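Chemist: Following our numbering, the numbering of the sequence shown begins with 1 at its first residue and continues without gaps.
Hints listed in this document are in silico derivations from the structure and should not be mistaken for laboratory results.
Each hint should be verified, as a subset may be incorrect.
To be verified - Pairs of lysine-lysine residues, derived as DSS-like cross-links and limited to a Cα-Cα distance of at most 25 Å, are as follows:
hint: 1; residue 1: Lys113; residue 2: Lys56
hint: 2; residue 1: Lys109; residue 2: Lys205
hint: 3; residue 1: Lys158; residue 2: Lys109
hint: 4; residue 1: Lys109; residue 2: Lys210
hint: 5; residue 1: Lys205; residue 2: Lys113
hint: 6; residue 1: Lys110; residue 2: Lys210
hint: 7; residue 1: Lys147; residue 2: Lys205
hint: 8; residue 1: Lys110; residue 2: Lys99
hint: 9; residue 1: Lys113; residue 2: Lys158
hint: 10; residue 1: Lys56; residue 2: Lys99
hint: 11; residue 1: Lys158; residue 2: Lys205
hint: 12; residue 1: Lys99; residue 2: Lys158
hint: 13; residue 1: Lys110; residue 2: Lys205
Owing to the predicted nature of the structure, the values given are computational and were not obtained by experimental measurement.
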Amino acid sequence: MTTNPVLFHYHEMLSAYLYLFSLGASWFHILYRLLNVLRVLHTSNLHRLCMASGNKVSRQSVLCGSQNIVLNGKTIIMNDCIIRGDLANVRIGRHCVVKSRSVIRPPFKKFSKGVAFFPLHIGDHVFIEEDCVVNAAQIGSYVHIGKNCVIGRRCVLKDCCKILDNTVLPPETVVPPFTVFSGCPGLFSGELPECTQELMIDVTKSYYQKFLPLTQHPTWAQQRGVPKSEAKKMMKRERTIRFFHF
């Protein structure tokens, strides 16, 4: 049962509209009201994610099943990312960065009676670059995944490892600590120094501190020939800031 009184109110409305539909009310009218209720519920889940210790989630991202997604704090989810919380629980640690157009999807396993999805846990201080597809079973802390990588289903990435750009890890690959994997298929290609943990902490924390939404970037107005004073008015009037900040 929903403990939030506002959400409980909307759940009650949803039940009432479904009951009216069963009695033969206008399907168009009921559908319109249902969409409004679902929009409010979805927005409430987004705010719940963002209010937890300064998470920054792009309005252009797609969070499926956001009630099953947990961001532990100061994590950045950039535009056009997709997180499939509708398949299974997804938990992302503190000071993580998921850059544009990346897909985070829980792992699955085929059985004789069908397919089962399992929870995905991502540790702290993890940096995932653009255009990645992550279908791992677990990603440890202090991990860097390069651009355009594919992490196959049920892979396990231990702490303090690195995946280079354009790497494709086969399913059920285990990446040991302090190692570098690259290529297609992804194979061992090097080692990382013992200071990797400290380096990843510095990288992710500094990225969070210096991060600004596109419309708040100092060069945004100059690139478009818009005076800064006018740009500020535009942001307030048109609500062009595409990130939640709490």
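Chemist: The structure should be examined with respect to each hint, and the outcome stated for every one.
Modeler: Each hint, compared with the structure:
Restraint check for lysine 113 and lysine 56: not satisfied, since their Cα atoms lie roughly 40 Å apart, outside the 25 Å limit. Restraint check: the Cα-Cα separation between lysine 109 and lysine 205 comes to about 35 Å, which exceeds 25 Å; the hinted pair is violated. Restraint check: the Cα-Cα separation between lysine 158 and lysine 109 comes to about 20 Å, which is no more than 25 Å; the hinted pair holds. Pair hint lysine 109 plus lysine 210 does not hold up; C-alpha atoms about 40 Å apart against a cutoff of 25 Å.
For the given pair, lysine 205 sits about 45 Å from lysine 113 by alpha-carbon distance, which is inconsistent with the 25 Å threshold. Taking the CA atoms of lysine 110 and lysine 210, the gap is near 43 Å; set against the 25 Å cutoff, the hint is violated. Distance hint between lysine 147 and lysine 205 is fulfilled; the C-alpha atoms sit about 20 Å from each other, no more than 25 Å. Pair hint lysine 110 plus lysine 99 does not hold up; C-alpha atoms about 30 Å apart against a cutoff of 25 Å.
A C-alpha spacing of about 31 Å is found between lysine 113 and lysine 158, which places the hinted pair above 25 Å, so the restraint is violated. Taken as a hint, the lysine 56 and lysine 99 pair is honoured in the structure, with Cα atoms around 12 Å apart against an allowance of 25 Å. Between lysine 158 and lysine 205 the alpha-carbon distance is near 20 Å, which keeps this suggested pair within the 25 Å criterion. Distance restraint check for lysine 99 and lysine 158: the Cα-Cα separation of roughly 21 Å lies within the 25 Å cut-off, and the hinted pair is therefore satisfied.
This hinted pair does not check out: lysine 110 and lysine 205 have alpha carbons roughly 39 Å apart, beyond 25 Å.
When the structure is compared with the earlier hints, violations turn up for hints 1, 2, 4, 5, 6, 8, 9 and 13 and for no others.
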